[in-house]
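Each chain is listed here by its residues.
Protein chains: 2
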Amino acid sequence: MVLRNKNIAKLQAGYLFPEINRRKNKLLEENPDAKIISLGIGNTTKPLTPYITKALKEAAESLGTAEGYSGYGDEQGMTALREKIAEQLYKGLVDANEVFVSDGGKCDCGRLQLMFGSKVTIAVQDPAYPVYVDGSVIIGVTGDYNESIKRFDNIVYMKCTAENNFFPDIKSLERTDLIYFCSPNNPTGVVATRDQLKELVDFAKANKSIIIFDAAYSEFISDPNLPRSIFEIEGVREVALEVSSFSKSIGFTGVRLGWTVVPKELRFDNGEQVINDWNRITCTVFNGASNIVQKGCLAVLDKEGLKEMQETVDFYMENARLIKKGLDEMGVKSYWTGNSPYIWAYFPGEKSWDVFSRLLNEAHVVVTPGSGFGSAGEEYVRFSAFGHRNLIIEAVERLKEKLK
Amino acid sequence: MVLRNKNIAKLQAGYLFPEINRRKNKLLEENPDAKIISLGIGNTTKPLTPYITKALKEAAESLGTAEGYSGYGDEQGMTALREKIAEQLYKGLVDANEVFVSDGGKCDCGRLQLMFGSKVTIAVQDPAYPVYVDGSVIIGVTGDYNESIKRFDNIVYMKCTAENNFFPDIKSLERTDLIYFCSPNNPTGVVATRDQLKELVDFAKANKSIIIFDAAYSEFISDPNLPRSIFEIEGVREVALEVSSFSKSIGFTGVRLGWTVVPKELRFDNGEQVINDWNRITCTVFNGASNIVQKGCLAVLDKEGLKEMQETVDFYMENARLIKKGLDEMGVKSYWTGNSPYIWAYFPGEKSWDVFSRLLNEAHVVVTPGSGFGSAGEEYVRFSAFGHRNLIIEAVERLKEKLK
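One line per chain: the protein sequences are L and U, in this order.
Converting from the first sequence to our numbering requires adding 1 to each position, the first position being numbered 1.
Converting from the second sequence to our numbering requires adding 1 to each position, the first position being numbered 1.
Misleading hints may appear alongside valid ones.
Put simply, identical chains are the same to the list, so a pair is met inside one copy or across any two.
[As the list claims (entries may be wrong)] Within a straight-line C-alpha distance of at most 20 Å, the following computed EDC-like cross-link-like pairs (lysine to aspartate or glutamate) qualify:
{"id": "1", "residue 1": "7", "residue 2": "273"}
{"id": "2", "residue 1": "47", "residue 2": "75"}
{"id": "3", "residue 1": "265", "residue 2": "395"}
{"id": "4", "residue 1": "55", "residue 2": "68"}
{"id": "5", "residue 1": "92", "residue 2": "363"}
{"id": "6", "residue 1": "25", "residue 2": "75"}
{"id": "7", "residue 1": "27", "residue 2": "75"}
{"id": "8", "residue 1": "47", "residue 2": "315"}
{"id": "9", "residue 1": "401", "residue 2": "127"}
{"id": "10", "residue 1": "11", "residue 2": "270"}
{"id": "11", "residue 1": "85", "residue 2": "96"}
{"id": "12", "residue 1": "11", "residue 2": "273"}
{"id": "13", "residue 1": "36", "residue 2": "175"}
To be clear, the hints were calculated from the coordinates, so they are not data collected in a lab.
Please model the complete structure; the sequences and the hints are all you need to start from.
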C-alpha cells in the first residue's frame, strides 16, 4: 500500500484560516441570525478600480480576436510586465529578467521550498505568516511538532514581541541556510527600518545564508524613510531574494498575481546561480500566471493604475486608523505602525484563541488569533483593516459596547 | 553556504520545450527570414469562442462593482464550478467536493508530487509528458540519471511503442506505489480502451497502488466506446485520482484552468483519506485559480459553452486529419487514433533530435522530438495539431516538397 507522507502528518490541525472559518460557521449554525463581521483573514473587499478593471476586461475581450489571442506564454511571465515591475516598483534596482511573475506569493513560497529541498536549515520570525513553517514541514525540512513548546523541531524561531520591538535579536541568532523575513510584517504589521535590514543582510552575508524576503505589504509603507524592498539595502544581491504580490494593494486576492525576484548574484555553495534553479522550477511545475491577469497588471503599472493603487491602499489605511483609534479608546494595548494594514492587539494573560472566541461570541467579530502565527503570538490577536468602511465602523462600535 | 538541492542537479539539460525554443531561435539568428511554422509544443492558436469570451469579460467587469467583487475564494475552487464539473463532465460519477479546481494540470502534478513526497516508488509510461518524471526527480523520488540507458534510476518505465500497441505489458509490470497514466496519451495520442483501463485498475487494486490518471485531452475523444475518464471504470475509486484541464479543449493554455478529482475512497496504508492531504496541500501552497477564469469556466459548462468547446475540438481535429493525410502521402509511417490532437510519426533508424533538426532546417517546421518524452520515443517525433489552418496546410506542403 501507499504510505502517507510523514511530513504532512506532522502538520498540526488545519491551516489557520480554514480553522477560523470552521469556528465561524459553527457559530452561524447555532445562531443563524448573527451578523458576523470579519476583521480576520486579510481579504480585500473594495471593488477593483476603473482603470485596472477596464484593462482586465479588455484583456479578456481581446482573447476572442485573432490579433489578441495568446496561448502558453513564457512561464516566467510576459517580458513587458517583468520590465515594468523592475522599472516602476524597483526603480531599476533589479533587472527585468530577475523578475518571475506568478499566481501569488503563497504559491511562490511553496515552489521556493520545493527548490531549496529538504536538506536546508531555516529560521522564521515568530509570529509569522503560516506558509513559511507549514510549507517547510511538508517538504521535510523540520522535525516533529513539539507539543510542549508548541513549535516544530529543527526550526530556528526568531521571537518578535513587544520586548524586542518586534525585531529579532540578530546578535544571538543561530546560523541557518534560509531566513524567512516579512516586512511590513504579517501579522504584527511592524516594518523593519533600513538599519535593521542592514543588520540582517550583514548577518546573512557573514553566515552565507539566504534571506527569503516577503514584501507582500510593501505598498502600505507611506514613511519614505522605511525600505519597501530588501533590494534597497547595500550588499543585498548576494544574500536575498524577494517575494511580492498585488493581492492586497490593488485587491487581487481573488484575481491572483505575485512575483519573485532572484538576483543573478545569489549563488549556492558550488557557485551555481540560484536563478537557474528557480527558472527550472518555474518551467517544470508552473505554467505562468493567467494572461488576462498579467495584461491587467501592465495597466496597474501605468500612471493611472499606480494612482488607483494608492487610492486602494489609502482606503484600507483609513480603516486601520479607525480600528487603532477604537482599540485605544477601549484601553486595549495595540501596535500599529501606520505603514501596514494590520493592527496587533495585546491581551495580557489571555490565550489568543480565547480572545478570538470571546470577540466572536460576544461581538460577532472575527479576528485572527496570534498563536495561529506561532507561539510568540500568544496573548495577541490580529485585526485586519481589509473590510467595508461601514462594517469596520460597526465592528469597532460593537467591540466598544461589548468589551468595555 | 547553502547547498544546492541535489535532486534538481539530477535533471538533464533544460525542460524539453524551452530547449526546442532555443534551437528554433538559433535558426532564426542564422536565417532571420525563415518563416518557421510550429507543430511542436501543443499550444492553442484559435481565439476563444464568443460565449466563453463574453463570460470572462463580464467576470472581469463585475470585479469593478460592489456586488460583483470577490477577494480570496475557497482554495478548492468555487462551489458552483466544482458542482458543474462533476455534473457536466463526469455525469455524477464523482462528487462536487472531490473536484479541486486549479491553475492547470502541470501545476497540479507538481503539487501531487509534493503531497506524496519522496518515499514513494513510481511507474511512468515511456514516452510520457515530462512533468511526471521531472517533478518526481525534483521531489527526490528517483535516483540519478543513467546516461547509458538515458533513464533515471528508481523509476519503472512502462514502454509504450508500436510493438505493444502503445499500451504497457501489465502482466510483466513491476509493482510501484504510484502509476502515472495519460490517455489520450501525450505524446503518442493513443487512447486506452475500456478493457485496457480495467486491466490497469485491477493491477493497481491487486498491488494497492494509486493511479495518477491524466485526462487533459479527454475532450478530443470522439469514439463513444472509449472512456474519457478513469472514473468510468468499475472499482476505480479506491485506486485512482484524475488530473484534467481546459487548456486544450477551449484554448485556455494561457488563461489557466485545470482540476484534480480525488475520490473519498482513495486511502493511504494507514486508512487515512488521500483527499484530506490533498486538501491540506491545496490550502497551504496554493490560493485558488483566478476568480475571473473560474467564472469564465462556469460558462464553458453551459449548453452554449459546451457547444463551443466541441467546435474548438473539431477545428483542431481537422488539422490533425490534414497532418495525418500529409504524412501518409509522404510515405511516413505514423500513428493517429482520430481521438487526440497528436500524431506520432515513426522515422526508423533515425535519432528523433536529428529528425527534429532536419525538419527544422530543411522545411522550417518545428515538431517535438520523441526522445524528449523518454528513451522509448527515440525514432519518433510528435506532430501537434494545434495551429492556424493555413499554417498547417503550408507546413504539410513544405514537408512534402522538402522531404520527398
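Going down the list of hints, with the structure as the test:
In this assembly of identical chains, the alpha carbons of residue 7 and residue 273 lie at most 20 Å apart only when taken from different copies (12 Å versus 31 Å within one copy). When the C-alpha separation of residue 47 and residue 75 is checked against a cutoff of 20 Å, the pair qualifies only between copies, where the shortest distance is 18 Å, while the shortest distance within a copy is 31 Å. For the identical chains of this complex, residue 265 and residue 395 are neighbours neither inside a copy (49 Å) nor across copies (42 Å), given an alpha-carbon limit of 20 Å. For a Cα distance limit of 20 Å, the shortest separation of residue 55 from residue 68 qualifies both inside one copy, at 19 Å, and across copies, at 17 Å.
When the C-alpha separation of residue 92 and residue 363 is checked against a cutoff of 20 Å, the pair qualifies neither within a copy, at 48 Å, nor between copies, at 45 Å. Proximity of residue 25 to residue 75 under the C-alpha cut-off of 20 Å is restricted to the inter-copy arrangement: shortest distance 15 Å between copies versus 41 Å within a copy. Taking the shortest alpha-carbon separations for residue 27 and residue 75, only the inter-copy value of 18 Å comes in at or below 20 Å, while the best intra-copy value is 44 Å. When the C-alpha separation of residue 47 and residue 315 is checked against a cutoff of 20 Å, the pair qualifies only within one copy, where the shortest distance is 11 Å, while the shortest distance between copies is 42 Å.
Neither within a single protomer nor between protomers do residue 401 and residue 127 lie at most 20 Å apart by alpha-carbon distance, with minima of 29 Å and 66 Å respectively. Taking the shortest alpha-carbon separations for residue 11 and residue 270, only the inter-copy value of 17 Å comes in at or below 20 Å, while the best intra-copy value is 30 Å. When the C-alpha separation of residue 85 and residue 96 is checked against a cutoff of 20 Å, the pair qualifies only within one copy, where the shortest distance is 10 Å, while the shortest distance between copies is 43 Å. Taking the shortest alpha-carbon separations for residue 11 and residue 273, only the inter-copy value of 14 Å comes in at or below 20 Å, while the best intra-copy value is 32 Å.
For the homomeric pair residue 36 and residue 175, neither the shortest alpha-carbon distance inside one copy (47 Å) nor that between copies (58 Å) is at most 20 Å.
Of the numbered hints listed earlier, those contradicted by the structure are 3, 5, 9 and 13.
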